[in-house]
Structures are given as structure tokens and as C-alpha cells.
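Asks: These protein sequence lines are chains E and B, in that order. Per the working numbering, the very first residue in the first sequence carries number 1; after that it's consecutive. Per the working numbering, the very first residue in the second sequence carries number 276; after that it's consecutive.
You may find that some hints are simply not true.
Computed from the model, here is a short list of chain E residues facing chain B with C-beta under 8 Å [stated by the list, open to error]: (1) Tyr61; (2) Met66; (3) Thr70; (4) Ile77; (5) Ala80; (6) Asp136; (7) Ile138; (8) Val160; (9) Ser161; (10) Ser164; (11) Leu171; (12) Asn175; (13) Gln194; (14) Arg205; (15) Thr209.
The set of hints was computed from the structure by calculation and includes no laboratory data. Yeah, the Cβ is synthetic: ideal placement off N, Cα and C, and Gly gets one too.
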Amino acid sequence: MSEQVVALGNAGRAIRAARDEGRAALVGYLPAGYPTIDGGVDGIKALVDGGVDVIEIGLPYSDPVMDGVTIQRATEIARAGGVRTRDVLATVEKITAYADVPVLVMTYWNPVERYGVDRFATDLAGAGGAGLITPDLIPDEGAEWIAAADKLDLDKVFLVSPSSTDERIALTTANCRGFVYATAVMGVTGAREQASDLAAPLVARTKATTGLPVGVGLGVSNGDQAAGIAAFADAVIVGAALVKALGDGGPAGVRALTESLAEGVRREPTAAAAR
Amino acid sequence: MTTLLPDQLGHFGRFGGRFMPEALIGPLDELTAAWQEAMADKAFTDEFERMLREYAGTPSLLYDATRLSDVAGARILLKREDLNHTGAHKVRNVLGQALLTKRMGKTRVIAETGAGQHGVATATACAYLDLECVVYMGEVDTERQALNVARMKLLGAEVIPVKTGSRTLKDAINEALRDWVASVDNTHYLLGTAAGGHPFPAMVRDFVRGIGDEARAQSLELLGRLPDAAIACVGGGSNAIGLFAAFVPDTGVKLYGIEAGGDGYETGRHAATITAGQIGVLHGARSYLLQDDDGQTIESHSISAGLDYPGVGPEHAWLAETGRATYRPVTDAAAMDALKLLARTEGIIPAIESAHAVAGALEIARELGPEAVLLVNLSGRGDKDMDTAGEWFGLIDAKIEPKDVRA
């Protein structure tokens with residue numbers, strides 16, 4: 001793939017900048033509104049302070065079928081605390097005002113559809129947001145979002161999975177801007193002890209179709225795992241472990257884990273591979 | 276009879292489709308292919324029909340309910356799905372999907388259940404076909420439906436209480452989907468209704484459409500013509516789509532879906548998804564659903580656990596939008612009155628779900644007049660509902676509050 005046609009987008013440029021430093025990028029997730037709306041903002045600021053390259057802000061949803069128990073519990077607490085879609089957008093705005101880091105919203109599809117796809121895209125762009133990660137929207141069903149995002153140059157991060165055929169990977173990456181989200185395991189979000197042996201082949205199959213950066217998520221929880229994935233992926237995506245760190249240790253806990261993950265993605269790839 | 280919809284991606288007009296994690300798209304494509312190949316394979320369809328006939332007890336009777344008709348003021352024919360093995364239409368769907376599971380070489384089945392009826396039916400099919408069975412059930416439901424939990428366990432299934440979200444049916448579906456993402460290599464998700472991502476709405480419809488195909492033929496034999504209306508209750512919508520499918524091309528036959536009106540539609544405590552009229556995406560498909568201003572799912576309310584679901588299958592959304600079928604709510608109270616009326620006039624205790632259809636038929640009879648013939652799907656029997664009915668009618672001692680049995 002030639003560099004000219006790669007739709008790097010906002011997040012892609014940040015990931016590419018990390019590559020230019022000879023390392024993988026770190027993408028960190030926290031849901032808006034957890035444990036409170038203000039507390040959520042503080043937690044996400046701690047991600048920035050700890051050295052994250054790209055931020056995902058989760059939109060708490062009533063039926064999160066891709067999430068394991070850690071993120072389910074956190075988003076239930078956020079919803080019980082009254083977080084609304086507009087609070088998620090306000091959180092995005094506070095973070096983009098705080099730091100020059102691309103901020104994506106990770107959301108199940110129905111809240112966007114209910115808000116109005118064009119209106120959501122406009123308000124997200126207005127808040128300085130970089131784009132969306134859509135775990136239950138496939139490009140086949142995404143025409144309205146794709147059009148809205150293209151109009152505003154927002155990143156469209158769709159997912160690829162170990163179960164995706166090569167044809168589906170090609171279809172998906174052709175519709176992505178920013179980066180491609182490769183799910184490392186067949187399963188839901190949540191920290192895992194064992195590194196997945198499905199991730200590296202998936203990244204290779206994905207890279208065969210696109211020049212976009214490929215981020216790997218699901219199950220990464222510490223610097224060693226981050227280093228292992230950094231050996232073959234452009235970005236390491238961490239979610240549930242950071243949510244747990246925020247619950248256990250507050251913003252200081254998030255910052256400490258982020259620093260250790262940021263160290264992990266900066267290790268020499270050969271050292272990580274030899275581990 | 277061929278059914279043209281959905282399209283290849285599972286769309287009924289603007290409804291349906293696949294709003295699912297990418298991880299499940301490949302497996303759903305494989306399922307679609309396996310199902311379509313199976314339905315074109317006479318060995319499969321013959322075996323399915325044999326199981327339905329010899330094991331499930333179909334075709335179910337079409338019963339001319341003359342005493343009920345006298346009260347209703349129009350002729351009512353009851354499609355007696357309550358007489359099937361396991362006591363409801365659901366046996367058709369579970370046998371079809373379980374047989375397909377075997378054909379795909381998978382060894383494990385997972386299912387969601389609300390009150391436990393689909394869980395019991397799935398556990399039955401898995402016992403019959405020697406499949407491992409895991410049923411997800413909201414913790415709230417395992418407590419209020421302990422007898423069905425015992426039934427599933429007796430049939431060899433593992434029942435997993437779901438402790439997240441509202442701890443009811445929709446959360447059981449969420450948890451089953453989470454299991455499936457991680458287990459799809461050896462596991463089939465045996466969804467209990469004609470909802471979800473493609474191919475489930477069409478596949479479930481085609482496994483249960485025997486209801487309407489049989490009733491259509493039986494009506495022609497009994498009456499020499501088609502009925503004027505076909506009526507069924509609608510939660511997720513499997514028994515209704517099973518009845519309607521045969522009659523959709525018969526534009527002279529009015530189709531009525533009866534939704535659960537709960538305490539009354541105007542109270543907001545109901546499960547009348549189509550009546551409420553808000554379109555969105557839930558559990559893999561675009562359809563009508565109960566949601567708040569932010570697109571968060573709202574909990575539904577109905578005395579009938581089988582109708583207590585905030586979504587509805589996408590083909591019903593399409594039939595409603597095109598005007599081919601009409602959907603209207605019936606309250607808890609009207610449904611329970613109809614349950615008692617059917618018990619007293621015909622000696623049949625229906626499931627509370629099916630009592631909604633009977634209550635709807637009583638209204639429709641008044642509208643269509645004495646010459647009308649109404650076909651009503653009696654989708655299930657009421658044995659499972661005796662605690663609820665006993666409390667509602669004050670038939671069980673030491674129960675003071677008759678109404679709020681689900682609280």
C-alpha cells in the first residue's frame with residue numbers, strides 16, 4: 001500500500017509519530033462518568049500524564065455485549081450516577097482542552113443513532129474529538145456513520161477479529177481511518193494472564209490489506225504484555241486494566257499503570273520478543 | 276411457499292441487519308450458509324419433520340372454540356400449540372436449531388431464558404439430541420422461576436444466573452452473546468425468538484412457520500376458506516411470525532400482533548415495543564425498542580414473563596411499518612380476564628402470553644362482527660403460570676396483594 005492513500009487521520013498520525021520514535025503507541029481506555037463525571041475526567045487526565053498516545057473514552061451503555069465484568073461494572077456505576085451522552089461529549093471537550101492527544105469515543109451504536117448520527121459527529125468534532133471506535137457497528141451497516149465521519153474528517157475505527165475472513169478484513173480496513181482495532185482474542189474485554197497467540201497472525205493478515213496502523217486490544221494489563229504486543233503491532237490498547245486501576249487506586253493508580261505500560265511499549269522489540 | 280425477505284444481509288426494509296461484534300460476523304455467515312444448505316437438503320427437512328411429528332406432537336390441532344366464540348361474538352379457532360411437547364410453540368424452534376447444531380458438528384448449545392420456558396425447551400432438545408447445554412438466566416428470574424431452574428437441571432442443563440445489568444432477560448442475552456464470542460468454535464447460540472442479528476430472525480421464523488402453514492391448511496379444510504384474521508401475542512415475536520408467515524401473501528387475512536400493555540400503555544409500565552414506536556438497535560438488529568432519550572434500553576413490564584422484553588423481532592417492525600400487520604397492546608388485567616374466560620368456557624388454561632392473544636381476539640371480534648372467523652395462536656399452556664394466576668385471582672391462601680406478583 002502506498003503511503004499516499006493511507007487515511008491516517010488524527011489517531012493514525014499520533015501512532016505514526018510513535019513509530020518514528022522507534023516504538024509502538026499506547027492507547028488507553030476509560031469510560032466517561034466513572035466513578036463520577038468529574039472523577040472520570042481526572043482519571044483520563046491521569047492517562048495523559050502517564051504518557052498515553054491516544055485516548056478512548058467509553059460511552060456507558062445499558063447492554064454492553066463486548067465487555068467483560070470489569071467494564072460492565074464501571075459503566076453501570078457511571079449510568080447509575082446519571083451520566084448522559086452530553087456528559088460524554090463534555091468529557092471529550094475537557095480532555096482535548098487539557099492536552100494535545102487524539103481522543104476517540106468508543107461506543108455501542110444505539111446511543112449514536114438515538115442522538116442522531118450527523119448531530120453526534122458534529123458535536124464530537126466540536127468537542128475536539130478525533131473519531132469513533134464502534135464495537136458493534138460493522139462497515140456493512142455503517143453507511144450513515146461513514147458519510148458523517150468523512151464529511152468532518154473524523155476517524156472511523158472498525159474492528160477486525162481472529163474469526164474475520166481475509167475478505168472481511170479487507171472490507172473493514174478499506175473503511176477505517178485512524179487505525180484498525182484488532183481484537184487479540186475471541187472474547188470480551190478484560191485483563192488476561194496469558195498473551196494471545198491469535199493476535200500476531202491477525203495483525204499480519206490485517207497489514208496485508210492496509211497501510212493503516214494496527215492496534216491490538218483485549219486482555220492487555222501490564223508492561224510486559226504491552227512490550228510483547230509492541231513487538232508486532234503499531235499500537236497497544238489497554239482498557240479493563242486501567243478501569244480496575246482507577247477503581248482501586250484512583251487517578252494515581254491510573255497514572256502508575258499508564259507509566260508502566262508506556263515503558264512497555266518503549267522496550268526494544270527484540271528484547272520483548274526474546275522474553 | 277417462499278418468503279422473499281430478508282435480503283442477503285438480513286434486512287426487512289430498513290429493519291434487521293447485523294449490529295454485532297465483528298468476531299461474530301464470520302460465525303454468523305457460517306451459520307447462514309449451514310442453515311440454507313440444510314433447508315435445501317431433504318434429509319435434513321425430513322428429519323426435522325419426523326422429530327416434530329413423532330417427538331413434539333405436531334401438527335397441532337386447530338380447535339373450533341364454540342363456547343368462547345359465543346361469548347366473543349365471532350367464530351374463534353384456536354391453534355393448539357399448547358398441546359406440543361414442552362407445552363408451547365417453542366419446541367419447533369429448538370428442535371430445528373438443535374438439529375442444525377448437530378449438522379454443523381458443534382457439541383455445545385447456549386441459550387438465554389427469561390421465565391425459563393425457552394431454557395426448558397432448549398434443555399429438552401439438548402437432552403433429546405445429546406448436546407451439552409448451558410442456559411443463561413437473569414438472577415432475578417432464577418429466584419422467581421425456581422421450578423423451571425429445577426426442570427432445566429433435571430434435563431441435564433447447567434443454569435448460570437446472570438448478575439449484571441437489570442439481571443433479567445435482556446442481560447441473559449448479553450451474557451449468552453459474551454459466551455458465544457469466546458466459544459463459537461464448538462458452540463451454537465440457540466436464540467429463543469425471531470430477533471437478533473441475521474440469520475436468526477429469518478431462521479427462527481422458518482423453523483416455527485409450521486404453525487401458520489398447518490393452520491392455513493386446517494382452515495381451508497374446516498372452513499373451505501381462509502380466516503378473516505390471524506392473531507398472536509408478540510414479545511420477541513416468534514410465535515406470531517410463525518403464524519403470520521403463511522398468511523403474509525394472503526392480503527385478505529388481517530394480521531394482528533398483540534403486545535403486552537402491562538399496567539396500561541399510558542402508564543409507561545408496559546412491553547408494547549411497536550406501539551411505543553421508537554426505532555433503534557438492540558441485540559444485533561434494527562427494530563423497535565423501548566429506550567430513553569439517550570438510546571439506553573428501558574426495562575419493560577408485563578405480567579407475562581415471555582412478553583417482558585424491550586425489543587421485538589425486525590420482521591414485525593417491517594410488517595408494522597408497511598401496514599401488513601397491526602400491533603396493539605392488551606393490559607395485564609385484560610389478559611388475565613381472557614385467561615379465566617378461556618378456562619371457564621373451554622376448559623383450557625392458556626399461558627399468560629397466549630391469553631394476551633385471546634384478549635386481543637375479543638376486541639377484534641367486536642370490531643369485525645359476528646360473521647368473522649378469527650384464527651388465534653394459543654402459543655402455550657398455562658401450567659407454568661399457576662403461581663401468578665393463583666395470586667392474581669386470589670386462589671392461593673395467605674396472599675394479600677393480588678397485583679404486583681413480579682415485584
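Asks: Hints first: check each against the structure and report whether it holds.
Replies: Taking the hints in turn, this is what the structure says about them:
1. Because the smallest distance between the Cβ of E:Tyr61 and any Cβ of chain B comes to about 7 Å, under 8 Å, the interface hint for this residue holds.
2. The beta carbon of E:Met66 is positioned within 8 Å of a beta carbon in chain B (closest approach about 5 Å), and the interface hint is therefore held.
3. Interface restraint check: E:Thr70 against chain B, minimum CB-CB distance 11 Å, threshold 8 Å, status violated.
4. Proximity of E:Ile77 to chain B is violated relative to the hint, the smallest CB-CB distance being about 12 Å (cut-off 8 Å).
5. Because the beta carbon of E:Ala80 sits about 11 Å from the nearest beta carbon in chain B, more than 8 Å, this interface hint is broken.
6. Restraint check, E:Asp136 versus chain B: the minimum CB separation of about 5 Å is within 8 Å; hint holds.
7. The closest approach between the C-beta of E:Ile138 and any C-beta of chain B is roughly 6 Å, which is under the 8 Å cut-off, so the hint is satisfied.
8. The interface hint given for E:Val160 holds, since its Cβ lies 6 Å from the closest Cβ of chain B, which is under the 8 Å cut-off.
9. With a cut of 8 Å, the hint placing E:Ser161 at the interface with chain B holds, because the nearest CB-to-CB distance is about 4 Å.
10. Taken as an interface hint, E:Ser164 checks out: its beta carbon lies about 6 Å from the nearest beta carbon of chain B, inside 8 Å.
11. Interface restraint check: E:Leu171 against chain B, minimum CB-CB distance 10 Å, threshold 8 Å, status violated.
12. Evaluation of the E:Asn175 hint against chain B yields a violated restraint, the C-beta minimum of about 12 Å exceeding 8 Å.
13. Among the interface hints, the one on E:Gln194 is violated; its C-beta lies about 14 Å from the nearest C-beta in chain B, farther than the 8 Å criterion.
14. The beta carbon of E:Arg205 is not positioned within 8 Å of any beta carbon in chain B (closest approach about 13 Å), and the interface hint is therefore violated.
15. Among the interface hints, the one on E:Thr209 is violated; its C-beta lies about 14 Å from the nearest C-beta in chain B, farther than the 8 Å criterion.
Hint compliance for this structure: hints 3, 4, 5, 11, 12, 13, 14 and 15 are not met, and every other hint is.
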